[in-house]
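Residue numbers (full-length UniProt numbering), protein chains in the order written: chain A, 1 to 76; chain B, 1 to 261; chain C, 1 to 222.
Derived from the structure by calculation, the hints contain no laboratory data. In this text the structure is predicted, and so the values were computed from the model without any measurement. The reader is advised that the hints may include incorrect statements.
Derived CB-CB ranges, DEER-like [what the hints assert, rightly or not]:
hint : chain 1 : residue 1 : chain 2 : residue 2 : range
1    : B       : Ala15     : C       : Arg10     : 32 to 38 Å
2    : B       : Leu26     : C       : Glu82     : 52 to 58 Å
3    : B       : Leu26     : A       : Ala17     : 56 to 62 Å
4    : A       : Arg54     : B       : Trp130    : 52 to 58 Å
5    : B       : His239    : A       : Gln40     : 20 to 26 Å
Listing some non-contacts, in silico: residues in chain B with all C-beta distances to chain C over 12 Å [to be verified]:
hint : residue
6    : Ala39
7    : Trp43
8    : Gly125
9    : Asp161
Just so you know, even glycine gets a beta-carbon here, dropped at the ideal spot from N, CA and C.
Listed below are the residues making up each chain.
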Amino acid sequence: MQQWESWSAFWDMGGAAFFVWGSYGLTFALIALELVLVFQRRKDTTRRLLRWRRAVGKDAGKRNGEGTMPAMESET
Amino acid sequence: MTNPERGRSLLRFAAPQNFYPLAGRLAPWFAALAVLLTAIGLWIGFFVAPTDATQGQVYRVIFIHVPAAWMSMFIYLVMAFWSAVGLIMNTRLSFVMSQALAPTGAMFCFVALWTGALWGKPTWGAYWVWDARLTSQLLLLFLYFGFIALTRAIEDPRRADRAGAIIALVGAVNVPIIYFSVQWWNTLHQGASVSLTKAPSMATTMLTGMLVMALASWAYTLAVVLWRVRPMILERERHTEWVGAELERAGKLSQTAGGRA
Amino acid sequence: MLSTFLAVLRRDLLLAWRGRADVLVTLAFFIIVVCLFPFGVGAEPNQLRAIAPGVLWVAALLACLLSLHRLFAQDYSDGTLEQLLLSSEPAALWVMAKVLAFWLSTGLPVVAVAPAMGLLLDLEQGGLPVLILSLLLGTPILALLGAVGAALTLGLRGGGMLLALLVLPLFVPVLIFGAGAVEAELSGSGAAAHLLLLGGGLAGALALAPVACAAALRISTD
Numbered sequence: 001m002q003q004w005e006s007w008s009a010f011w012d013m014g015g016a017a018f019f020v021w022g023s024y025g026l027t028f029a030l031i032a033l034e035l036v037l038v039f040q041r042r043k044d045t046t047r048r049l050l051r052w053r054r055a056v057g058k059d060a061g062k063r064n065g066e067g068t069m070p071a072m073e074s075e076t
Numbered sequence: 001m002t003n004p005e006r007g008r009s010l011l012r013f014a015a016p017q018n019f020y021p022l023a024g025r026l027a028p029w030f031a032a033l034a035v036l037l038t039a040i041g042l043w044i045g046f047f048v049a050p051t052d053a054t055q056g057q058v059y060r061v062i063f064i065h066v067p068a069a070w071m072s073m074f075i076y077l078v079m080a081f082w083s084a085v086g087l088i089m090n091t092r093l094s095f096v097m098s099q100a101l102a103p104t105g106a107m108f109c110f111v112a113l114w115t116g117a118l119w120g121k122p123t124w125g126a127y128w129v130w131d132a133r134l135t136s137q138l139l140l141l142f143l144y145f146g147f148i149a150l151t152r153a154i155e156d157p158r159r160a161d162r163a164g165a166i167i168a169l170v171g172a173v174n175v176p177i178i179y180f181s182v183q184w185w186n187t188l189h190q191g192a193s194v195s196l197t198k199a200p201s202m203a204t205t206m207l208t209g210m211l212v213m214a215l216a217s218w219a220y221t222l223a224v225v226l227w228r229v230r231p232m233i234l235e236r237e238r239h240t241e242w243v244g245a246e247l248e249r250a251g252k253l254s255q256t257a258g259g260r261a
Numbered sequence: 001m002l003s004t005f006l007a008v009l010r011r012d013l014l015l016a017w018r019g020r021a022d023v024l025v026t027l028a029f030f031i032i033v034v035c036l037f038p039f040g041v042g043a044e045p046n047q048l049r050a051i052a053p054g055v056l057w058v059a060a061l062l063a064c065l066l067s068l069h070r071l072f073a074q075d076y077s078d079g080t081l082e083q084l085l086l087s088s089e090p091a092a093l094w095v096m097a098k099v100l101a102f103w104l105s106t107g108l109p110v111v112a113v114a115p116a117m118g119l120l121l122d123l124e125q126g127g128l129p130v131l132i133l134s135l136l137l138g139t140p141i142l143a144l145l146g147a148v149g150a151a152l153t154l155g156l157r158g159g160g161m162l163l164a165l166l167v168l169p170l171f172v173p174v175l176i177f178g179a180g181a182v183e184a185e186l187s188g189s190g191a192a193a194h195l196l197l198l199g200g201g202l203a204g205a206l207a208l209a210p211v212a213c214a215a216a217l218r219i220s221t222d
């Protein structure tokens with residue numbers, strides 16, 4: 001804490017609290033959002049592909065059943 | 001992202017079934033590294049780096065603004081690199097890689113613009129000035145949007161891969177031209193009232209904080225891209241045996257443990 | 001090789017002539033867009049004079065953008081494109097012919113009426129030759145870059161908006177140097193540098209864009 005006299009001075013950022021915390025806040029919010037979307041997509045894909053696999057049967061390795069593929073979702 | 005430095009093993013990991021588990025193993029480490037570096041970088045940025053003589057505390061935005069701007073440009077170059085590799089060597093994984101990079105690049109681009117605007121208001125008195133760097137960053141964001149929109153709009157993955165690669169390369173060729181032209185335009189149109197030469201005498205601690213944060217954003221990008229690329233690989237390779245085995249394993253896990261991230 | 005170039009050029013010009021209503025629509029669009037500005041910003045002559053180069057260039061750019069989708073659409077739907085791609089001729093060559101025909105039928109008319117529109121915006125007459133020259137050098141670049149975008153978005157749903165999103169950022173340098181040339185001429189600093197840069201851009205686009213466009217057409221018709 002060499003730079004700051006107190007926590008309230010830290011949060012105040014020399015009067016620029018809105019600009020500094022606005023920047024950091026949005027950045028970390030976007031990062032959190034991106035992570036949520038990535039993991040959601042992972043879960044969706046696994047579930048959808050499993051369903052597709054069971055629908056076309058165990059011999060899905062033979063390039064069949066293209067038509068039964070559920071539509072690609074469009075998020076991240 | 002497979003690092004070219006890993007030389008000999010690179011070709012082996014160009015095969016999706018080898019890359020998929022590798023990505024899964026590496027991503028958590030990069031994520032942990034990102035958290036650690038962010039913590040160190042923010043510590044330096046907020047508690048070690050001194051107050052700037054002219055700008056006061058607002059300058060502390062620099063610790064995300066500059067790394068985000070660097071990262072957004074670097075990611076576009078990496079995207080173009082993987083697109084070129086994909087077109088030349090015909091490796092599917094490269095295309096998937098460049099598509100997995102795009103959203104993160106766009107995110108960093110937007111962060112750079114947002115933080116630039118919030119930094120600009122107290123320093124230059126306006127949220128937005130048509131400065132050469134800000135304007136180029138805005139155009140870079142549009143290039144990212146174009147790439148993402150094009151690859152999403154095409155349903156056939158083969159065509160989407162290649163079309164995306166072409167537009168990424170065309171964009172990469174144009175980025176220097178855009179930057180140069182915007183700078184040219186900027187010097188003609190802008191009065192000397194707004195000069196953006198920031199931090200002429202930057203304390204070494206400020207520079208250190210910025211570099212640590214830049215490394216943190218590298219680690220974050222690697223982690224999130226590796227995580228994003230995994231389901232994309234499953235999607236592309238869904239007809240193969242190994243994806244079948246992988247899916248069955250994931251299915252069993254989710255039945256017993258309610259899913260693993 | 002030259003005969004292929006000329007054959008494709010002649011065919012496309014003939015088709016453009018038969019569908020000349022489309023060309024007239026493009027031209028009308030250009031004129032109307034320019035005429036909208038006085039209603040938006042006010043008819044104060046000094047103000048109009050100040051924004052005239054930029055307005056004319058933006059309008060020309062939009063007119064080019066809106067007609068780009070026509071470049072390959074018909075050949076794509078009637079199968080001509082596939083036949084051309086199957087032929088042994090280098091694809092970049094006939095792509096160049098098609099872009100040239102496109103520019104002659106949509107770019108050139110816009111360039112031709114631009115001086116009249118300049119007078120409407122009270123552009124000084126000294127700026128008109130540079131305006132024409134900058135448009136003559138710049139609009140072919142727009143057509144070449146736009147051809148790559150048109151090839152990539154061929155046959156896609158919502159292709160028009162996508163095409164705009166793809167190519168508009170790439171058009172920015174052309175806009176800067178094109179409108180900048182006229183402004184530089186009017187401000188007395190001379191337009192030579194701008195025009196040289198536009199010329200260089202045209203040379204670069206002529207060398208690279210047809211190749212990229214041919215590759216994009218192969219991808220899109222695969």
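Structure-based check of all given hints:
no.: 1; hint: Ala15/B x Arg10/C: 32 to 38 Å; verdict: 50 Å, violated
no.: 2; hint: Leu26/B x Glu82/C: 52 to 58 Å; verdict: 44 Å, violated
no.: 3; hint: Leu26/B x Ala17/A: 56 to 62 Å; verdict: 38 Å, violated
no.: 4; hint: Arg54/A x Trp130/B: 52 to 58 Å; verdict: 56 Å, holds
no.: 5; hint: His239/B x Gln40/A: 20 to 26 Å; verdict: 24 Å, holds
no.: 6; hint: Ala39; verdict: 37 Å, holds
no.: 7; hint: Trp43; verdict: 38 Å, holds
no.: 8; hint: Gly125; verdict: 24 Å, holds
no.: 9; hint: Asp161; verdict: 9 Å, violated
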